[in-house]
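J.: Here are the chains, one letter per residue:
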Amino acid sequence: MAQSTPSARPNQLFRNLNSKIASIPMIFVALVIFLGGSIWTVVYSFTNSRLLPRTNFVGFDQYERLWASSRWIISIQNLAIYGILSLIFSLVVGFVLAALMDQKIRFENVFRTIFLYPFALSFIVTGLVWQWILNPDFGIQGIVRSLGWESFDFNPIYDADIVIYGILIAGLWQGTGLVMCLMLAGLRGIDEDIWKAARVDGIPMWRTYIFIVIPMMRPVFVTTLVIIGAGIVKLYDLVVAQTSGGPGNASEVPAKYVYDYMFQAQNLGQGFAASTMMLLTVAIIIIPWAYLEFGGRKRG
Amino acid sequence: MRIRSFAAVMAATVALPCIVQAADLEVTHWWTSGGEAAAVKELANAFNATGNKWVDGAIAGSGSTARPIMISRITGGDPMGATQFNHGRQAEELVQSGLMRDLTEVAEKGKWKEVIKPASLLDSCTYEGKIYCAPVNIHSWQWLWVSNAAFEKAGVPAPKDWNEFVAAGPKLREAGIQPLAIGSQAFQVNGLFDTLVITVGGKELYEKVYKDKDEEAAAGPEMAKVFAAAVQARELARGNNVQDWNQATNLVITGKAGGQIMGDWAQGEFQQAGQTAGKEYSCLAGLGLNEVLTTGGDAIYFPLLKDEAKAKAQEALAETIVDPKVQVAFNLKKGSVPIRSDIDMAAANDCMKKGIDIIAKGGTATSVDQLLSTDSMKQKEDLMSEFFAKASMTPEAAQERFAEIIGSAD
Chain A
1 MAQSTPSARP NQLFRNLNSK IASIPMIFVA LVIFLGGSIW TVVYSFTNSR
51 LLPRTNFVGF DQYERLWASS RWIISIQNLA IYGILSLIFS LVVGFVLAAL
101 MDQKIRFENV FRTIFLYPFA LSFIVTGLVW QWILNPDFGI QGIVRSLGWE
151 SFDFNPIYDA DIVIYGILIA GLWQGTGLVM CLMLAGLRGI DEDIWKAARV
201 DGIPMWRTYI FIVIPMMRPV FVTTLVIIGA GIVKLYDLVV AQTSGGPGNA
251 SEVPAKYVYD YMFQAQNLGQ GFAASTMMLL TVAIIIIPWA YLEFGGRKRG
Chain B
301 MRIRSFAAVM AATVALPCIV QAADLEVTHW WTSGGEAAAV KELANAFNAT
351 GNKWVDGAIA GSGSTARPIM ISRITGGDPM GATQFNHGRQ AEELVQSGLM
401 RDLTEVAEKG KWKEVIKPAS LLDSCTYEGK IYCAPVNIHS WQWLWVSNAA
451 FEKAGVPAPK DWNEFVAAGP KLREAGIQPL AIGSQAFQVN GLFDTLVITV
501 GGKELYEKVY KDKDEEAAAG PEMAKVFAAA VQARELARGN NVQDWNQATN
551 LVITGKAGGQ IMGDWAQGEF QQAGQTAGKE YSCLAGLGLN EVLTTGGDAI
601 YFPLLKDEAK AKAQEALAET IVDPKVQVAF NLKKGSVPIR SDIDMAAAND
651 CMKKGIDIIA KGGTATSVDQ LLSTDSMKQK EDLMSEFFAK ASMTPEAAQE
701 RFAEIIGSAD
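These protein sequences, in sequence, are chains A and B.
Counting in my numbering, the first sequence runs from 1 upward without gaps.
Counting in my numbering, the second sequence runs from 301 upward without gaps.
By construction, these hints were calculated from the structure, which means they are not laboratory data.
Glycine residues also receive a C-beta, built at the ideal position from the N, C-alpha and C atoms.
A hint or two may mislead.
Said to hold, decoys possible - So, partial list: chain B residues that the calculated Cβ filter (under 7 Å) puts toward chain A: (1) Ser397; (2) Thr674; (3) Asp675; (4) Asp682; (5) Glu686.
Unchecked claim - Far from chain B, some chain A residues (derived; all Cβ distances over 10 Å): (6) Asn16; (7) Ile76; (8) Gln77; (9) Met101; (10) Gly229.
Take the sequences, apply the hints, and build the full model.
T.: Here's what the structure looks like:
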């Protein structure tokens, strides 16, 4: 085909035309809804919009108020604690569970189902379940006390200092099963021969995992990281169901601040400012990472 | 036979819209607890009697859950026939942007200006001289509900006012009774605080702070007294493990708690438990300190609709709401005070009569909902829920932030 027009290069734009046409809706959605919506939000965060969007610009007033608000500061701190701990624990616990599952144990299917089951529940259900389990009168504390250990004290839901850990427990209970499954899939993708070679060389199992298997599972870890990260930033329904931000505002999170100010306080400007800050935080983390991951070297 | 009945049905479907000028009207509201649902039924029956049909759109959860749903339906172009809001500024911007229906004609026909008392209720419905809502009832916050059994158990006489209640606190705790019951929902601590402002601080201070938004008064020594009282309340409330207001009321009903500061809707719970005022429980209006009641409550708003028949039905509903008979039936079930003073409420219980009496005597103040925008209310709620949950927060620090909120409030 190319022989007939040897001088002209095939037009890059029309190469693989079918797939390009097929992806137009996706590109449209990404540009108009995601990008367009984000830009619209950022622009209106500089206005004093209340119940309805208005183009009355007030500069950085909404941001000043946001950062002067103690509830927002608490929200950020809570998200940081929840985020860091849930990232570490779900990766570590998820990987350890997957490694244990990988030992060709009996009833693997049963265990896998049990561990993955919480993930099938919505965050609302998870939150309510753990609200009951952690209830001091009916839950763990009540049961242990009724067994005779009267001084037992475990009341995270109603203690402002540790309430975020109560939410973390529920979040881990729900999310770890999925991490385990992803890790297990990654482990199953490792060639048997590598294990055999490691055994021949006399490398202990834990070292094989840490120095050979984990580096080979890099793509799986990246996927898992993205999934966990997205779950952390959008943390909202779990808090609403479990504590509704209480006691006081000790378990507030940024997403809840956004919702409450946009719809309950009827102050869109303030809500937009808060959501812009969330976007900015995510961008600060994602952009350098994406640059390192995709920008440094060209693939294919 | 079959053909004939089929023909009859066909004829009926054609004829029906011509004969009856009625319409189905969806009404959204958050009246979902036992007493509230019974009250709604009265209203729905009265409306159905006008030949229209009430389509119930109850939204479970509190007003803060329901309001965003209602507002997004109205702004999103899918308005309901009518919807509940509280007296005040919750629907302000909807009215300003012309999404709500003007009821001035209905109001003039029914002489609303003359019959609705206090006038502040209708003022809240009015925007640029036009009336946009029909007030349904009056609720007031300033009540202390006391469990007589709890005080008996602690060996202290039942208190006559808030100060005696505070003094009895330690005795109650010794007897293993939670002195002050309160749930952890933000509106509860917020309402408790506003009650302290008007009872401990007085009506003058209340108006200076909330009506005039006087930052100096909010930071002043009078207000410091209110914050001192709030610290006492926080101490009395220590150890509460309930969420909803009616769970807290239940603690008072069962004698597990000494008392609760809650609006007059709480008495519906006492009634359902078969208790009578003065015997098992007492109610102290204005906490026994200062007999002033704020006149908040509910109103029905009507979104602007294109459908003629539905618009007619909206008028019928607005008339039904203000109708004297409906007012009596609705408010007796709801435990609230009717919006007109020219009707007979002899069937009301003692606490309700006390409230009606105070309002008739003019011991009223405008509710905070009517004075502050929802945005300022929310900021105040955030502050109060933090203050009441964190025992380490000093009243001075809280007052400073309170004054800031009042200074920037609108």
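J.: Each hint: holds or not?
T.: Hints and how they fare:
1. Annotation: interface hint on B:Ser397 holds; nearest CB of chain A at approximately 6 Å, less than 7 Å.
2. For B:Thr674, the shortest C-beta to C-beta distance to chain A is roughly 5 Å, which falls under 7 Å, so the interface hint holds.
3. Nearest Cβ of chain A to the Cβ of B:Asp675: about 4 Å, under the 7 Å cut. The hint holds.
4. Interface restraint check for B:Asp682: the shortest CB-CB distance to chain A comes to about 5 Å, inside 7 Å, so the restraint holds.
5. With 7 Å as the threshold, the beta carbon of B:Glu686 comes within range of chain A, its nearest partner Cβ sitting at about 4 Å, so the hint holds.
6. No beta-carbon of chain B comes within 10 Å of the beta-carbon of A:Asn16; the shortest separation is about 40 Å.
7. Non-interface call for A:Ile76 relative to chain B: holds, since the shortest CB-CB distance, roughly 15 Å, exceeds 10 Å.
8. The claim that A:Gln77 is not at the interface with chain B holds, since no C-beta of that chain comes within 10 Å of its own (minimum 13 Å).
9. For A:Met101, the non-interface assignment is confirmed: its Cβ lies about 39 Å from the closest Cβ of chain B, beyond the 10 Å cut-off.
10. Interface exclusion of A:Gly229 from chain B stands, the closest Cβ pair being 28 Å apart, more than 10 Å.
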